[in-house]
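Asker: What follows is the residue order along each chain.
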Amino acid sequence: MSHADPVPDARGHYGRYGGRFAPEALIAALDEVAAEWDKARQDPDYRAELDELLRSYTGRPSPLTDARNFSEHCGGARILLKREDLNHTGSHKINNVLGQALLTKRMGKTRVIAETGAGQHGVATATACALLGLDCVVYMGEEDTRRQALNVARMRMLGAEVVPVTIGSRTLKDAINEAFRDWVANVETTHYLFGTVAGPHPFPKLVRDLHFVVGEEARAQVLELTGKLPDAVAACVGGGSNAIAIFAAFIPDEGVALHGFEAGGEGAHTSRTAASITAGAPGVFHGARTYVLQDEFGQTLPSHSISAGLDYPAVGPEHAHLADTGRASYEPVTDAEAMEAFRLLCRTEGIIPAIESAHALAGARKLGERLGPEAVILVNLSGRGDKDVDTAAAYFGLVEGDA
Amino acid sequence: MSTLQSTLAQARSENRAALIGYLPAGFPDTASSIRVVEAMVEGGCDVIEVGLPYSDPMMDGPTIQRAADRALAAGTTTEEVFRVVEATAATGAAAVVMSYWNPIERYGVERFAERLAKAGGAGVITPDLIPEEADAWRAASERSGLDRIFLVAPSSTDERLALTTGACSGFVYAASLMGVTGTRTQVADTAETLVRRTREVTRASGLPVCVGLGISTGAQAAEVAAYADGVIVGAGFCQRVLDAPDLETGLIAVRSFAEELAAGVRSRG
Chain B
1 MSHADPVPDA RGHYGRYGGR FAPEALIAAL DEVAAEWDKA RQDPDYRAEL DELLRSYTGR
61 PSPLTDARNF SEHCGGARIL LKREDLNHTG SHKINNVLGQ ALLTKRMGKT RVIAETGAGQ
121 HGVATATACA LLGLDCVVYM GEEDTRRQAL NVARMRMLGA EVVPVTIGSR TLKDAINEAF
181 RDWVANVETT HYLFGTVAGP HPFPKLVRDL HFVVGEEARA QVLELTGKLP DAVAACVGGG
241 SNAIAIFAAF IPDEGVALHG FEAGGEGAHT SRTAASITAG APGVFHGART YVLQDEFGQT
301 LPSHSISAGL DYPAVGPEHA HLADTGRASY EPVTDAEAME AFRLLCRTEG IIPAIESAHA
361 LAGARKLGER LGPEAVILVN LSGRGDKDVD TAAAYFGLVE GDA
Chain S
404 MSTLQSTLAQ ARSENRAALI GYLPAGFPDT ASSIRVVEAM VEGGCDVIEV GLPYSDPMMD
464 GPTIQRAADR ALAAGTTTEE VFRVVEATAA TGAAAVVMSY WNPIERYGVE RFAERLAKAG
524 GAGVITPDLI PEEADAWRAA SERSGLDRIF LVAPSSTDER LALTTGACSG FVYAASLMGV
584 TGTRTQVADT AETLVRRTRE VTRASGLPVC VGLGISTGAQ AAEVAAYADG VIVGAGFCQR
644 VLDAPDLETG LIAVRSFAEE LAAGVRSRG
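Respectively, the protein sequence lines represent chains B and S.
Mapping to the numbering used here: the first sequence position 347 is 347, numbers consecutive.
Mapping to the numbering used here: the second sequence position 120 is 523, numbers consecutive.
Think of the hints as simulated: they come from the structure by calculation, not from any bench.
Glycine included, C-beta positions come from ideal geometry on N, C-alpha and C.
Do not rely on the hints blindly, as some may be mistaken.
Covered stretches of chain S, going by a simulated chain B footprint (3 or more residues, C-beta under 8 angstroms) [unchecked claim]:
#, segment
1, 440-452
2, 471-484
3, 507-515
Cβ-to-Cβ under 10 angstroms is the rule here; a few derived chain B residues that face chain S [stated by the list, open to error]:
#, residue
4, I167
5, S169
6, A185
Stretches of chain S that chain B covers, calculated by requiring three or more beta carbons in the stretch to come under 8 angstroms of a beta carbon on chain B [stated by the list, open to error]:
#, segment
7, 548-560
8, 642-649
Let the hints inform the model, and build the full structure from the sequences given.
Answerer: Okay, structure coming up:
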C-alpha cells in the first residue's frame, strides 16, 4: 500500500484509458470515495487496523510454494505459486474487501452493495460485513447463481442478501449494472464495494492499492528464496484484480516480464470467449474507457468462459494501458487448456485451484516451454477451487451420470 | 438557433413548459416506433428524445430496459436511429438523441455528429458522459451545430452545476431524483430544489432547465411545469406500448397520454 505509485492522473486516466463515464448523480459519491481513500491511506490508525486484520484475520502474508512436481510439466521452468488461495474466504478478494469495508465505516455509511461473478468477491464482502456490522446486498447474475450455488449459500449463511439479476445476459456485467442502479438510488447510506480494478475512477486505483500487498510480499519472498527477481510473473485476467495485485510491485522492474492470461473460452476468435484485450476493441464500459467485447455498433457482446469469475466482456483500464505500452502482454487460454492445468495441479501438487487461477497455471506452462528450465516463473494462485468442484466433476465426468 | 432552441423559446413565449417525450428507436420495431413518435407529436409533444437502445443501460429502470431490449431484439442499430430521427424531424417536432456514450464513440464521434445533423437531429443527451470527458464531443457538436445536453442531479455540487450548465446548449437535463428512470407515484421533492439551484448558475445564459425521471401523469407534469422549462416523460410512453395488445391500441393510448401531459404543461399555476 505504501509503495503504490501514482500511475493514473488526477482524473483516473491511464494513458488514454480509464476516467469517469458515469452518471452525474454518482460523481459526488465517487469524489467522496477518492477523497476518503487519500486520507485513509495516509492515516496511521486506518493502516494499523487494516494491517492487523490482514495479519490475524486473513492470514497474511500468504506463503510462496515451490511447485516442483508441477514444474516438470512446464518445460522444467521453476514455478513459484503465490498462495492467495490460502487467505480467509479462499481468494485474493479479501484484501480489497477489508480495506473498502473499513473505508465504508469511515464515511459513516451503514450499507454495502457488491457485484459478484464466481461468488468469491461476494463471499469476501459478506464476510467483511458480518465482521464489521454492515448491511450487505450482493447482486449476482441468475446464470451465475446456478453455476456457483455453493457460494450463494455461503453468502446467505454470512447474513448477506443475495439478489439474482434476471435481465440482460444474467452474468457479472448485468450484476454490475444492477449494483450501479441500486447505488444511485441509495448513495447516501450505501457504499458500492467494487470488486475489481475496473469501473469509474477511483475504483481501479483504490482496488489496486488495496491489493498491492500481494506483489509486494511475493517480490520479497522470491528474492529471499532464489536470490533474484523472477523472469516472469503470470496471472489470469478477467476484470484483472488479481493480475494487478501481483503485477503492481514489479512494474518498475523492467527485467521482469508480466503476462496476463485472458479467458479464451472456446477460442479467442470465436464468439464464445471472454478475452477482451485479445478479441475486443477500445470503448467505454462500466464507467471507464478500456478494451470491450463489442459489435460494430458498440453493443456489448455476450462473453463466455468456463470460469464465472473471468466471464466479463471488458477489463480494467490499467491493463488496457499496460497492453498498449507493452509493459505487460496478454494472451488467451482456452477452457480446455485451463481445465487441463486444473487437473494437473490437483494431481501433481495436491492443490485444487480455482478455475480462474487455472488459466494462469495453463499460461505458466506455455511460458515455461518458451523460457526453458533456467527460468523462474511466479504465478498468482489467486483462489482455491472448492467452489468449482461441481463444474470440474461434470467436466471430467467424475460423477455418476455425468460421464 | 437550433430547432430545439426555437421550440423551447416558443413554449416559453406561450408561458408554458415544453413537453419532451422519450422513446427508444426501434421499439417495438423501426416502422412501429416511427408511428409511436407521430402519435406522441400529435398528442402534443414538442420535443422527441429518440433513444439509442443499448445493451447495458445503467441509468434505466425495468420499463425502459424492456423497451430497449425489444428494440435490440428487433435488430435496431445506430442506422435505424437516424431513420427515426429523420421521421421525427419531418413531423415538425424537435428531435434529439438520447444515448449512452459507447455507441457514439464506436460509430465515430465526428461521423455520428455529421450523420445526426444531416438527419435533422438537433442535439444529443448523454447520460453517462460528463463534461470533463467530453472534449471530442464538444468539438464535433460545435462543428455540426448540435446541442449538447448534459445532466445535473440533486447530488451535484454548486461548482459542478456551473461547470455542467456551462458546457450545455439547448437545455440542461435536471434529474429530479437520485435513481433510475421509471414511473413514481409522486414528484420527488428534490426536483424543485435542484431547478432553483440550477437557475442560480444559469441566470446569465438563460439556459432552459428541463426536468426528467419519474414524471408520468398530467398532474405531475403540471406540478413540474410550475418551475421548469420542460417536462420529460419516458417510461410512461414505453409502458403504454408494452401493455397494448397490438400497435393500433398502443397508438391510441400513447396519443391520449401525450394529450394529458400536454394539458398538464399548459396549466402552470
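Asker: State for each hint whether it applies.
Answerer: Right, here's what the structure says about each hint:
no.: 1; hint: 440-452; in the structure: violated (count 0)
no.: 2; hint: 471-484; in the structure: holds (count 4)
no.: 3; hint: 507-515; in the structure: holds (count 4)
no.: 4; hint: I167; in the structure: holds (6 angstroms)
no.: 5; hint: S169; in the structure: holds (9 angstroms)
no.: 6; hint: A185; in the structure: holds (4 angstroms)
no.: 7; hint: 548-560; in the structure: holds (count 8)
no.: 8; hint: 642-649; in the structure: violated (count 0)
Hints 1 and 8 from the list above are not met by this structure, while the remaining hints are.
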